[in-house]
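Heads up: the sequence lines are chains A and U, in that order.
According to numbering that gives the first Met the number 0, the first sequence is numbered sequentially starting from 0.
According to numbering that gives the first Met the number 0, the second sequence is numbered sequentially starting from 0.
Because the hints were derived from the structure by calculation, they are not lab data.
If you're wondering where the values come from, they're calculated on a predicted model, not measured in any experiment.
Ideal Cβ positions, reconstructed from N, Cα and C, are used throughout, including at glycine.
Any given hint might turn out to be false.
[Said to hold, decoys possible] If you want a taste of the chain A side facing chain U, the calculated C-beta under 10 Å gives, among others:
1. L64
2. G208
3. L209
4. R210
5. E237
6. L249
7. L286
8. Y310
9. V335
[As the list claims (entries may be wrong)] Below 16 Å or equal to it, Euclidean Cα-Cα: the simulated EDC-like pairs (lysine to aspartate or glutamate) are:
10. A:K370 with U:E201
11. A:K182 with A:E5
12. A:K453 with A:D119
13. A:K248 with U:D251
14. U:K366 with A:D119
15. U:K452 with U:E179
16. U:K370 with A:E60
17. A:K89 with A:D188
18. U:K148 with U:D12
19. A:K366 with U:D251
20. A:K185 with A:D86
21. U:K248 with A:E407
There are 2 protein chains.
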Amino acid sequence: MAPQLEPFFKQVDELSNSFIDRLRKAVAIPSISASDENRKDVFRMAHFLASELEALGAEVEQRPLGKQPGKEHLDLPPVVIARYGNDKNKRTILVYGHYDVQPALKEDGWATEPFELTVDAQGRMFGRGSTDDKGPVLGWLNVIEAHQKAGVELPVNLLCCFEGMEEYGSEGLEEFIQSESKKFFKDADAVCISDNYWLGTEKPCLTYGLRGCNYYSVSISGPAQDLHSGVFGGSTHEPMTDMVNILSKLVDPQGNILIPGIMDLVAPLTEEENSLYGKISYTMDNLHESLGSKTNIHATKERTLMARWRYPSLSIHGIEGAFSAPGAKTVIPAKVIGKFSIRTVPNMESEDVNKLVFDYIKAEFAKLNSKNTLDVWLQHDGKWWVASPKHWNFTAASKAVKQVFGVEPDMTREGGSIPVTLSFEQATGKNVLLLPMGSSTDAAHSVNEKLDKKNYIEGTKLLGAYLHYVAEEPVSEA
Amino acid sequence: MAPQLEPFFKQVDELSNSFIDRLRKAVAIPSISASDENRKDVFRMAHFLASELEALGAEVEQRPLGKQPGKEHLDLPPVVIARYGNDKNKRTILVYGHYDVQPALKEDGWATEPFELTVDAQGRMFGRGSTDDKGPVLGWLNVIEAHQKAGVELPVNLLCCFEGMEEYGSEGLEEFIQSESKKFFKDADAVCISDNYWLGTEKPCLTYGLRGCNYYSVSISGPAQDLHSGVFGGSTHEPMTDMVNILSKLVDPQGNILIPGIMDLVAPLTEEENSLYGKISYTMDNLHESLGSKTNIHATKERTLMARWRYPSLSIHGIEGAFSAPGAKTVIPAKVIGKFSIRTVPNMESEDVNKLVFDYIKAEFAKLNSKNTLDVWLQHDGKWWVASPKHWNFTAASKAVKQVFGVEPDMTREGGSIPVTLSFEQATGKNVLLLPMGSSTDAAHSVNEKLDKKNYIEGTKLLGAYLHYVAEEPVSEA
């Protein structure tokens with residue numbers, strides 16, 4: 000056991016109520032990056048983080064990113080960067096998180112006020128951003144505070160990079176990371192990102208792969224304005240009719256992508272890789288619990304994990320411009336925009352995927368013989384990422400998990416996309432580790448998002464222990 | 000020429016600015032019946048109408064309709080009923096209109112504030128409710144006022160029935176009409192409804208048929224909550240995937256309804272009926288102008304008019320519960336509700352249509368092999384209606400059109416549904432005439448709804464002239 004962990008752990012337990020208060024304050028700030036009117040709250044959240052870090056003695060800067068492209072009346076929220084420790088004899092770990100959140104309205108179906116942290120009898124802490132990603136971000140602050148109060152020296156230099164636009168495409172961050180690669184980030188020996196989730200609810204994991212995401216819009220327009228369906232139904236081509244036809248040709252109900260050529264881009268499954276999935280601690284019950292339903296497509300955990308990690312998927316998110324409210328409206332929408340995205344995996348290159356998508360949709364639309372007008376474009380893309388799990392960065396995290404939770408972590412990949420992972424890997428040239436704090440039932444991006452108290456407090460211990468093992472781990476090959 | 004029309008017409012011209020002011024006041028009241036928070040405005044509009052009618056000397060009542068079914072915290076807006084004249088030697092004409100309007104937000108794409116009547120250089124009066132149906136309703140008030148100020152006696156007794164829930168299914172009205180059939184409505188010799196539109200922009204029409212409307216919801220649900228598409232894409236059946244599949248099987252891009260059996264319910268086209276369509280004053284240019292596009296399905300006016308009047312159509316209005324905002328959200332919606340409606344024609348009975356729709360959708364859903372759950376139900380229905388155009392009620396209106404506009408009106412049917420038409424026919428046992436005021440480009444239910452000043456002022460003359468011819472017309476057979 001690393002000598003100085005016991006006092007740190009004890010201090011974390013003693014400070015747990017204060018750590019929960021810190022999260023409560025953060026959740027109370029509705030830092031929704033997608034909403035214009037909440038932009039001031041995103042800034043408020045940046046100031047909150049910066050002042051907490053300053054109070055802990057870190058050197059903090061709030062770096063402006065300029066105006067928001069396409070919304071020039073809005074300033075992008077700053078990147079909060081901080082350095083804690085500057086000892087040349089220590090390793091330097093760069094940690095990333097985001098302080099913005101997804102939209103949330105009580106009337107979406109939340110059982111509690113989304114921006115009031117509400118802790119229930121089971122220790123579930125409900126609130127928008129609790130698990131994604133305010134809890135993990137504050138975890139690093141908690142680590143510093145607990146070390147200080149326990150009188151234990153932090154065994155590494157810590158560089159923090161916390162952004163405020165993650166839920167809206169990380170606008171401006173890529174350029175920032177590139178421009179700071181030889182400046183603020185230059186000392187980094189490895190990178191740690193806590194912005195994903197355990198596979199289940201009991202066992203921590205280390206994540207070495209992510210799917211990418213290509214997000215598309217397809218618009219179909221016809222009449223110059225919305226029409227009354229009684230007056231015009233039957234005499235004009237209707238954009239919604241064409242839209243559901245096009246969207247129905249993208250993916251079948253069993254999740255098979257119907258766009259020809261997409262599956263040819265996917266790296267073949269090797270025997271070696273195939274043998275890994277059986278060992279992962281995961282059951283179909285875990286999936287059912289996360290879904291809240293038994294609507295699984297695949298019968299086995301192995302096939303389910305492969306579908307999530309190493310095969311692409313296509314989801315249809317919704318349609319802009321059509322009637323979407325409760326009740327009945329007899330409208331023929333004049334212009335509708337379908338939104339869908341493809342989760343990408345090795346070796347799908349974004350440009351190749353785009354070409355297949357665009358060509359197919361245009362060809363299918365031509366078959367409809369509609370006089371409406373179609374357009375299709377990429378809204379944004381983020382590449383998939385796979386790292387080496389044999390690097391000392393992963394070994395250290397693995398030992399920390401063993402220390403705090405008493406188990407070996409699963410080595411996993413993730414279905415979601417965290418584009419910044421790839422950006423940090425490319426900018427620093429160093430190994431990137433994903434070290435999640437929350438569990439699979441946390442409902443990030445959904446109603447009733449939560450972080451379990453246990454995950455937050457033991458997760459804070461894990462982040463601290465990881466830094467201690469990082470300090471001790473010999474250099475690895477990978 | 001009926002002797003007393005000239006002074007009445009002159010008076011209408013002299014009062015035209017004051018009539019436009021009356022419409023301006025009415026449009027300024029956002030009497031949106033579909034919106035809970037605007038219910039007070041719907042009541043405000045009822046009070047406005049009632050006080051205007053009282054000022055003209057009518058006997059007015061605001062009849063309460065009780066609580067709104069399913070929304071018992073809301074009172075239904077009253078039916079404003081009024082009697083003007085009670086002379087046993089005169090015919091009694093019952094007129095109907097509605098004082099509620101469709102929702103409207105500036106950001107939907109309005110060029111002007113939707114609840115501020117804005118008159119442009121071409122005399123187009125923009126504003127929500129201008130043409131649907133506040134302009135026509137106020138037309139009757141204008142008729143009374145112009146008669147009074149011209150010193151001309153109104154040649155009929157007028158019964159007014161103005162409702163406030165037309166744009167939300169006319170909740171409560173059917174029962175009201177039935178219960179008043181032998182009371183307030185018992186003297187009516189004929190009914191006149193001004194709540195539809197000219198076929199084009201130049202020539203008035205009299206309307207003797209309407210399509211019905213069966214409005215359906217189909218819900219598909221799976222996961223217990225919205226999911227992150229990165230985490231769960233590929234491992235769960237997605238309700239949106241199933242939804243676009245189901246919706247794509249209802250109607251093809253050429254407007255053909257794909258539900259087996261529906262077309263078998265439609266009355267066959269006779270040679271006699273077929274010969275009528277060529278005479279109607281309508282061109283494909285009229286259609287293109289109304290659409291603001293050349294997205295017509297049919298090449299000829301005859302086939303276009305048949306598609307609108309005497310064949311059913313199916314429109315997909317939108318999807319509730321999916322992502323519908325601008326931007327990008329990587330969500331798998333947990334429950335989505337598709338909305339579509341079928342415009343019905345003779346001899347489609349609602350129950351037969353429902354059975355075909357429900358059976359087909361359930362069968363198609365079963366073919367998808369999805370573990371999601373589907374439900375489909377009728378939101379509301381209104382039957383089609385066809386009247387006799389040879390009745391004196393129509394003859395009188397035809398002569399009035401000739402008088403005011405110098406042309407014979409087209410005898411038309413309508414694609415839209417006005418369920419109250421059938422209710423009045425059944426409750427009074429009398430002929431019902433639809434006498435539109437607005438033109439085909441008025442964009443009812445859409446952004447930039449308008450009523451042309453000419454249609455409003457000459458339309459007011461038409462309503463008055465109609466009453467004079469009604470008073471003179473001999474009894475007809477039909």
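Each hint tested on the structure:
no.	hint	in the structure
1	L64	violated (18 Å)
2	G208	violated (12 Å)
3	L209	holds (8 Å)
4	R210	holds (6 Å)
5	E237	holds (6 Å)
6	L249	holds (8 Å)
7	L286	holds (7 Å)
8	Y310	holds (6 Å)
9	V335	holds (8 Å)
10	A:K370 with U:E201	violated (27 Å)
11	A:K182 with A:E5	violated (35 Å)
12	A:K453 with A:D119	holds (13 Å)
13	A:K248 with U:D251	holds (14 Å)
14	U:K366 with A:D119	violated (43 Å)
15	U:K452 with U:E179	violated (35 Å)
16	U:K370 with A:E60	violated (51 Å)
17	A:K89 with A:D188	holds (10 Å)
18	U:K148 with U:D12	holds (12 Å)
19	A:K366 with U:D251	holds (11 Å)
20	A:K185 with A:D86	holds (14 Å)
21	U:K248 with A:E407	violated (50 Å)
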